[in-house]
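Start from chain A and add chain X according to the hints.
So the protein lines, in turn, are chains A and X. For reference, each letter of the first sequence is one residue, going 1 to 429 in the numbering used here. For reference, each letter of the second sequence is one residue, going 1 to 515 in the numbering used here.
Hint data in this document are derived by calculation from the structure and do not stem from the laboratory. Nothing here was measured: the structure is a model prediction, and the numbers come from that model. Since no wrong hints were added, every one of them can be taken at face value.
Below are the DSSO-like pairs computed for lysine-lysine, each with C-alpha atoms no more than 27 Å apart in a straight line:
no., chain 1, residue 1, chain 2, residue 2
1, A, Lys-354, A, Lys-79
2, X, Lys-371, A, Lys-215
3, X, Lys-223, X, Lys-239
4, A, Lys-215, X, Lys-482
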Amino acid sequence: MPRCDYACRTADHSVTRRGFLGAAGATAALGPLGFAAPGAGAELAKAQKRVLVLFLSGGVSQLETWDPKPNTDTGGPFKAIPTSVPGTHICELLPHTAKQAHRLAIVRSLNSVSPDHGIGQRIMMTGRPPEAGIEYPELGAVAARLLASGAPGLPGHLQILPKGGSGFGTKADAAFLGPKYASVSLGDGKPPADLLRPKDLSPESDAAREEFRRKLNDRFAKSRKSAATDAYTESFDQAERVVRQGEVFDVEREDPKVADRYGRHDLGRHLLLARRLLEAGVTYVKVSHSNYDTHHENFDFHIEQLGEFDRPFAALLDDLADRGMLDSTLVVVMSEMGRTPKINDRYGRDHWSKAWSVALAGAGIKGGAVVGKTTANGTAVADREVYSGHLFHTYLAAVGLDPTKNFYPNERPVPIADPKAAAIREILA
Amino acid sequence: MLLSVLLAAAVAADDARNPLHPRIDAAIAAGHPDFATLAAPPADDAEFVRRAYLDLAGTIPTVAEVRAFLDDKSPGKRAGLIDQLLASPGYVRRMVWFLDVTLMERRPDVKVTRTAWEEYLRAAVANNRPYDALVREMLSNDGADPKTRPAAKFLLDRNLERDPVTRDLSRVFLGRDIRCAQCHDHPSITDYKQAEYFGLAAFLNRSALFPSAAVANAAIGEKADGDVTFVSVFDKDKKQNTTPPMVLGGKPFAEPKPEKGKEYKVAPAANVRPVPTFSRRELLAGAITSPENTAFARTAVNRVWAMMLGRGLVEAVDWDHPGNPPSHPELLDLLSAEFVRHNHDVKWLVRQIALTRTYQRSSEAPAALAKLESVPADRYLVANLKPLTAEHLAFAVAQAGGQPGGAGSVGTFRAMFGGRPGESQADFTATLDQTLFLKYGPALRGVLAPRAAALAKLPDEAVADELFLSVLSRRPTADEAKDVADALRRAKDRTAALSELVWALVASAEFRFNH
Chain A
1 MPRCDYACRT ADHSVTRRGF LGAAGATAAL GPLGFAAPGA GAELAKAQKR VLVLFLSGGV
61 SQLETWDPKP NTDTGGPFKA IPTSVPGTHI CELLPHTAKQ AHRLAIVRSL NSVSPDHGIG
121 QRIMMTGRPP EAGIEYPELG AVAARLLASG APGLPGHLQI LPKGGSGFGT KADAAFLGPK
181 YASVSLGDGK PPADLLRPKD LSPESDAARE EFRRKLNDRF AKSRKSAATD AYTESFDQAE
241 RVVRQGEVFD VEREDPKVAD RYGRHDLGRH LLLARRLLEA GVTYVKVSHS NYDTHHENFD
301 FHIEQLGEFD RPFAALLDDL ADRGMLDSTL VVVMSEMGRT PKINDRYGRD HWSKAWSVAL
361 AGAGIKGGAV VGKTTANGTA VADREVYSGH LFHTYLAAVG LDPTKNFYPN ERPVPIADPK
421 AAAIREILA
Chain X
1 MLLSVLLAAA VAADDARNPL HPRIDAAIAA GHPDFATLAA PPADDAEFVR RAYLDLAGTI
61 PTVAEVRAFL DDKSPGKRAG LIDQLLASPG YVRRMVWFLD VTLMERRPDV KVTRTAWEEY
121 LRAAVANNRP YDALVREMLS NDGADPKTRP AAKFLLDRNL ERDPVTRDLS RVFLGRDIRC
181 AQCHDHPSIT DYKQAEYFGL AAFLNRSALF PSAAVANAAI GEKADGDVTF VSVFDKDKKQ
241 NTTPPMVLGG KPFAEPKPEK GKEYKVAPAA NVRPVPTFSR RELLAGAITS PENTAFARTA
301 VNRVWAMMLG RGLVEAVDWD HPGNPPSHPE LLDLLSAEFV RHNHDVKWLV RQIALTRTYQ
361 RSSEAPAALA KLESVPADRY LVANLKPLTA EHLAFAVAQA GGQPGGAGSV GTFRAMFGGR
421 PGESQADFTA TLDQTLFLKY GPALRGVLAP RAAALAKLPD EAVADELFLS VLSRRPTADE
481 AKDVADALRR AKDRTAALSE LVWALVASAE FRFNH
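The shape of chain A in the complex, shown without the other chains (with noise of 0.2 Å):
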């Protein structure tokens, strides 16, 4: 009999661990990870769809970089300059992106709900306003769940924060989908604790102890093998397949002319991880760029914000096109929310839901499209209204998934994405 695992009205998020862990006495879990079957081979990496988001954090401006609205009076100091496609203008803090458009989709018409940090990330994240009773997950888990990774071995769902730790250790973004599928951040970049192995152990030393410790396992498991004691010795041999790839996490060792073109700062640095990971076949990164909440100085603070984000956001769409991954990678720029048009009076745009915009490429995407319209000087969406939950439909359907499916925590049908939505076919190539 299934448990209704979830707390209705409470400010605990409640999918409890034996519930996502699946049947009854199932003890197995695997860890946090979602790990693929191996033999993933060389047909299966072109085919394998990914999913790298640009989150900027904060909430960016939808005048300073896809809407801009020149010589209005909420339009700011900044031009509106032309793009490789005819006819489509964007903020002139954007040069080399602005040399990218023909590759991007642009959504101009998001009424995204909530100004409010927390909850708009969920509701971006997820695709859904927060529901009583019930966590939904993130994009990244949900890709994560539903794409084969090409990287067996690798986690499924990365996070590159601008700072702080590096870990696997267990979120709740995955929501009912489970640890397996929860994301593993890597704080500006820095690749998971004790991934290395320590200096004083050599690698002969590294085997041999790793072959008595089987040689026990073996022994053990004669008479007294469980789902729990398998699920213990695999897990180091995941760990060992980790600690194999473990350069994929380390950025250094790309050649340092490739590096000077991402930028030599923490976003670039970030923004090349990230394609280092997706060319390593994991399913989906999310890298966060930080801060864009400019209540004061809006305009000062998107020219050096935007000056870091342009080059290495052109910069990594040239390489995933040169490398053959464009087309099987999805790639969003967002935001938990857009900026007022309403310029304050420290010269700042305060947090605003209600008409701005979001960018794609890559996978699915119908390069140098454009959907949706603000009024002339921003204040409200003039035409094709859409919220996230048409975007999480338009990103699923982008990467061949159906959002019209279910998932089935507890054998209760949840749907993937919001059933009040539908895919943006506009921009779908």
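What follows is chain X alone, placed relative to chain A:
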């Protein structure tokens, strides 16, 4: 006083004639038609000594302790060891872990510090306070007196939020996870009712932290009025329901109605913590622990059974309902009744379980059993493997490394192996960060270093015995002794080689589980 002494004496005399542990074994044996042919033999001495130390003292035995037990030829040595361990400080420490995790489920400490809480539990376990008295104290303390405040941690650290507290009261003390019934009667479990949920919530409905949950030393204040109301989300007519405070189908309490103007001992006012003349919350403690509420003792013994045997008679321990019956219903009734008759004496219960053949059975499946497609874990034909808890692991690793005490690293192990806060730890998981921590983490290497250094001083022929006794609490097989000898012969650096051997034993499944 005299009466209770006489009663206790009568119970003791009765126990001497008809002790509980053989009755437990009889009930378990009756639970499978082929029990006599299929059940595993008793654990051997090495298996038993490791298991007893882990379960009753929270760590593995020292080499000297293992040797002493293995060499002891007296027939009563197992019962002797059980009593020795139950009287040791290790038992207190181990039961503090058990109570802490049972009650707080690894929530972050917010209102009562870990030190104060553990000290409170330590005193309770050291004095073997009756479980019902302990719970009564924890649920009735309002946290206002700094001296007794740690008792209120269960309520205070949940910020006395009505719904999380209601849910956990039911899960922890009544064995029933009725969270679903917050919004409607449970759709498939016929007796998890919304009225049961709100009957429990009604005890708390008038209480809140004062001055507010945001204040670190907040205490519990209570109003003299206010009732719960609830609407089923399934009810199209949206009918408002209410219920008096009630525990699990027990009688509703007749609430005294204080005279007008005398509703409060301390009346509500600005910056004043209100204390009513009649407190619903104080009623809760008595109602939950009342002998009439059989779910209380039933849940307590089921949780202690799960601690000792690796699974509850009702499994999961917070999932007691007619659709999920106990594996041995009569046994659960027997244990509950005897626990109440023995004045909710936890140590007595632990001792009785430890004395059973069921507890002392080998975890190695005999040939007849190994042939079966699957061995039903709830028949206790063979001892269940129990993963070491975070605390057990910290202490066992320290003992294996030659650093008994191990207290320094408990926090590290809790953070790594403690699981998600606010959830019962039902299933074993081995996450990659945990495995990398064991594999390459500097913390473990540091803890194990003294053992390697000590082993390095021994003559070659003594190393294998000492190594296996110190980490796995058993002597090596001939093959294993040869492997150790070969490794030593090949070694360029003797201490380094030994430190990797120690690691291999610690990282083995045999070490990770209490078997």
